[in-house]
Amino acid sequence: MNRLRIGHLADIDEKGARTFTVLDTEIAVFKLSDGTLHAVENRCPHKGGRLSEGMVCGTAVHCPLHDWKIDLRSGKVHEPDDGCLNTYKTEVDDHSGEIYITIAG
Amino acid sequence: MSTTKKLVLVGNGMAGIRTIEHILKLAPHAYEITVFGAEPHPNYNRIMLSSVLAGGTSIEDIVINEWSWYEDNGIRVYPGDPVIRIDAERKEVVSQAGVRASYDELILATGSQAFILPIPGADKEGVIGFRDIKDCETMMAASHKYRKAAVIGGGLLGLEAARGLLNLGMDVTVIHINGHLMDRNLDLPAGLMLQRELEEQGMKFLLKKHTEEITGKHRVKSLRFTDQTVLETDLVVMAVGIRPQVELARQAGLNVNRGVIVDDYMNTSIPGISAVGECAEHRGIAYGLVAPLYEQGMVLAKRLAGAATEGYEGSVTSTKLKVSGVDVFSAGQFKDAADTRSIRIQDDVDGVYKKMVLKDGQLIGAVLFGDTTDGASLFSLIKSGENIGGREKEILLGVSAGGSGSGPSAAERMAAMPDDEIVCGCNGVTKAAIGDAVLNKGCNTLGAIKSCTKASASCGGCKPIVESLLVHYAGDAIGEQVKEGICGCTSYDRDEIVAQIKEMGLKTVKEVMNVLGWNEPEGCSKCRPSLNYYLGMIWPAEYEDERVSKFTNERYHANIQKDGTYSVIPRIYGGVTSPAELIKIATVAEKYDVPMVKFTGGQRLDLLGVQKENLPKIWEELDMPSGFGYGKALRTVKTCVGNTFCRFGTQDSIEMGIRLEKKLDKMVAPAKVKLAVSGCPRNCAEATIKDLGVVAIDGAWELHVGGNGGVKVRAAELLCTVKTDAEVEEWTYAYLQYYRENARWNERTAAWIERVGLDHVKKALEDREERLALVERLELTLGRTVDPWKEIIEDEKLRKNFTPLAGTQPAAH
Chain A
1 MNRLRIGHLA
11 DIDEKGARTF
21 TVLDTEIAVF
31 KLSDGTLHAV
41 ENRCPHKGGR
51 LSEGMVCGTA
61 VHCPLHDWKI
71 DLRSGKVHEP
81 DDGCLNTYKT
91 EVDDHSGEIY
101 ITIAG
Chain B
106 MSTTKKLVLV
116 GNGMAGIRTI
126 EHILKLAPHA
136 YEITVFGAEP
146 HPNYNRIMLS
156 SVLAGGTSIE
166 DIVINEWSWY
176 EDNGIRVYPG
186 DPVIRIDAER
196 KEVVSQAGVR
206 ASYDELILAT
216 GSQAFILPIP
226 GADKEGVIGF
236 RDIKDCETMM
246 AASHKYRKAA
256 VIGGGLLGLE
266 AARGLLNLGM
276 DVTVIHINGH
286 LMDRNLDLPA
296 GLMLQRELEE
306 QGMKFLLKKH
316 TEEITGKHRV
326 KSLRFTDQTV
336 LETDLVVMAV
346 GIRPQVELAR
356 QAGLNVNRGV
366 IVDDYMNTSI
376 PGISAVGECA
386 EHRGIAYGLV
396 APLYEQGMVL
406 AKRLAGAATE
416 GYEGSVTSTK
426 LKVSGVDVFS
436 AGQFKDAADT
446 RSIRIQDDVD
456 GVYKKMVLKD
466 GQLIGAVLFG
476 DTTDGASLFS
486 LIKSGENIGG
496 REKEILLGVS
506 AGGSGSGPSA
516 AERMAAMPDD
526 EIVCGCNGVT
536 KAAIGDAVLN
546 KGCNTLGAIK
556 SCTKASASCG
566 GCKPIVESLL
576 VHYAGDAIGE
586 QVKEGICGCT
596 SYDRDEIVAQ
606 IKEMGLKTVK
616 EVMNVLGWNE
626 PEGCSKCRPS
636 LNYYLGMIWP
646 AEYEDERVSK
656 FTNERYHANI
666 QKDGTYSVIP
676 RIYGGVTSPA
686 ELIKIATVAE
696 KYDVPMVKFT
706 GGQRLDLLGV
716 QKENLPKIWE
726 ELDMPSGFGY
736 GKALRTVKTC
746 VGNTFCRFGT
756 QDSIEMGIRL
766 EKKLDKMVAP
776 AKVKLAVSGC
786 PRNCAEATIK
796 DLGVVAIDGA
806 WELHVGGNGG
816 VKVRAAELLC
826 TVKTDAEVEE
836 WTYAYLQYYR
846 ENARWNERTA
856 AWIERVGLDH
866 VKKALEDREE
876 RLALVERLEL
886 TLGRTVDPWK
896 EIIEDEKLRK
906 NFTPLAGTQP
916 AAH
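First to last, the sequence lines map onto chains A and B.
Residues 1 to 105 (this note's numbering) make up the first sequence, in order.
Residues 106 to 918 (this note's numbering) make up the second sequence, in order.
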């Protein structure tokens, strides 16, 4: 069980995010303004802020608690802060618009 | 394979941890590290304590390394557990809690403690030093209960403490034994100018006074001086100097003078034990400033990591007064002597004083007051020791970063600076780190260097050197010349952006960014919300509010808490509610298991700890306006009872408060806005610390503006006195609209008024036609705002974002 269907493209707003939980890990799926999807663990490495609530700018999200900036493609924290979070592979079925995500592996 | 050696650090402060940081960089696996610290906090930036006290900075903000840093680097740490004994023979330390740790290398970095004058009464309650977080907390707590504070010591530390106490709203007197302030750093003219400036800020001074006794039964009541005069006070802060903390070293049998005696490599008199920082004495000097300590730490780290290093040779120090509103700088030997010559400029009109002290053609000291921009350049001239013969006047009249004159230029000085020299003392950033940011990380503006390395991000004193280094490293590749805009994405400031939006008719956030050439295509969390606000303010009728450019609190109309839950604050107009409303709130709180219901400071009820998915349901069931509880918008209108019930009330403050709140309840602004209405001059609604406060007097109303009761307390100033209720409304709305149209994003009215001046605001509002035009523009805006909570309840597209994705299913490959 490492590939999941999590929802439909229309479920997520542009520059927005939705969340779901797998095995106690909350994951946030973001839709950037170029339409691409990026899934990351929904916990800022700083103080655990829920990134799904943050502001999306380009390919990064700003944590709503203390404004750490995290790149959604790599999961890396932007300088001058430091840290990294788990990212997950996402795919979209071109015909149906269903979103698939791959956990671990 | 060599086995890992054991390193024990006694003292969890700036010098010791800085040394450990370098060791970890140079030889990451050489040691198994244990740290003991007397304070219960992780390593923090002690020099920023005055900023915490002055307001605007929290204790969390000054932590340098969080607990996770210790964990990530495998460092065992015992906070709040000082070492009480060193057994040099068995190579072992023992802590207060009984922890024993053996070592191969021991570093003593026990720092120093505030020197408490040995006078009768010095042990009374309310007598403290200014050294650590605890002292800071004591002062903050005292300011809530007491009014009068005395600071003994008119040096740098004492004045910083005094400025902080002033900000906390206390009546502060500074007592100093010398005839002028900061006599260790400043000469007489500069000292007097400093005193004049601080007196204007409300600080009081007693000079040439020696404290003889502190009196009071249990807690301090007054100070008595040797001339038998007396000063009443509730709090005494001793800032007469620091004393290296050496008892532990002395007991261990180390050679100790004023501090623990060390050689150029930080070795003490016993092999295997080093000392660094304020507890150490090197060539007769125990330093109390951060830059020398960092230099010592670097030498020690290199030695312990087995890297080649030259010995530490002592430091020339400089001082910059960090407190707000006063620019003072001094470095090196600034006093005149028989073999020195000096050159000075004194301009009492503009409050500027500059002095350079010269010896044999070299600059050996400097004092700057009022304009300290040349401080960093002068300091680097002092350190380089180059001959400035013939260029003295040119240098004093303005050191140019480009170095237009003959002789060694700024560029040459930058080239000659050693790589490991600390440029930014607040954040410990070296010349090499700045070079790396420019050469390898693509930083070509001051802003980029700042965000990459944190250099000049704290007090800003090193900015000129950072700029010179940028020129040095980047050469022709330098970015657009360092003018700072509203954020790192643009060099335009607020007024330029607003003007361009109006002139060019820009209508969306994206358009502004495109047309004005933003560096980041989608901006950042600073500029996006501000552009969204400016556009809405300029085009109230046409602009469509951009949700994704708002901070969480405004996007979800509830405050995000640290655990990811939210809180809901239903509007309670003027603080007046009814049994039916209370029952409704209570019923909803019970139904959704709200963990806490709390009265806010603004007479409302806050439902705390709400899960995000319950927000729309709670709003719906409350059926009360619930947005703006934490937005940059009108928060509350606090009222007192007024003439409805109060025997002193002269006007109906409740009715006036409700009327204002109902009118303004959906008004957004550059920052939060709080109002209050008091029914008589007793001012029970505390209207004079609000953004706008209305106070009734017999037969009229006073309007006070620009007050603040938050971090930086500011009493409001009287805008006008008016006769009728209608006039109260007219002036209130005009004033708020003028603020909406002119303040910078995130600028509270108190800061705004301080920047533009009350007279400017009075002038802008004095013409009735202009006032009515402002009111009309505000009404146009208010007429188009909606209840955000209602919109979310009714629109499934918006509502879906409050719930997790449903129906996650395994998928076939």
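Bear in mind the hints are in silico, worked out from the structure with no lab data behind them.
Note that CB positions come from ideal geometry on N, CA and C, so glycine has one too.
Take the hints with a grain of salt, since some may be wrong.
Only pairs whose alpha carbons sit at most 27 Å apart, straight line, appear in this in silico BS3-like list of lysine-lysine [to be verified]:
#, chain 1, residue 1, chain 2, residue 2
1, B, Lys631, B, Lys612
2, A, Lys89, B, Lys559
3, A, Lys47, B, Lys689
4, A, Lys47, B, Lys717
5, A, Lys76, B, Lys612
According to the in silico footprint, chain B covers these stretches of chain A (three or more CB under 8 Å from chain B) [as the list claims (entries may be wrong)]:
#, stretch
6, 18–32
7, 57–70
8, 85–97
Going through the hints against the structure:
no.	hint	verdict
1	B:Lys631 - B:Lys612	holds (19 Å)
2	A:Lys89 - B:Lys559	violated (33 Å)
3	A:Lys47 - B:Lys689	violated (35 Å)
4	A:Lys47 - B:Lys717	holds (19 Å)
5	A:Lys76 - B:Lys612	violated (34 Å)
6	18–32	holds (count 6)
7	57–70	holds (count 7)
8	85–97	violated (count 0)
Hint check: violations occur at hints 2, 3, 5 and 8; the rest are consistent with the structure.
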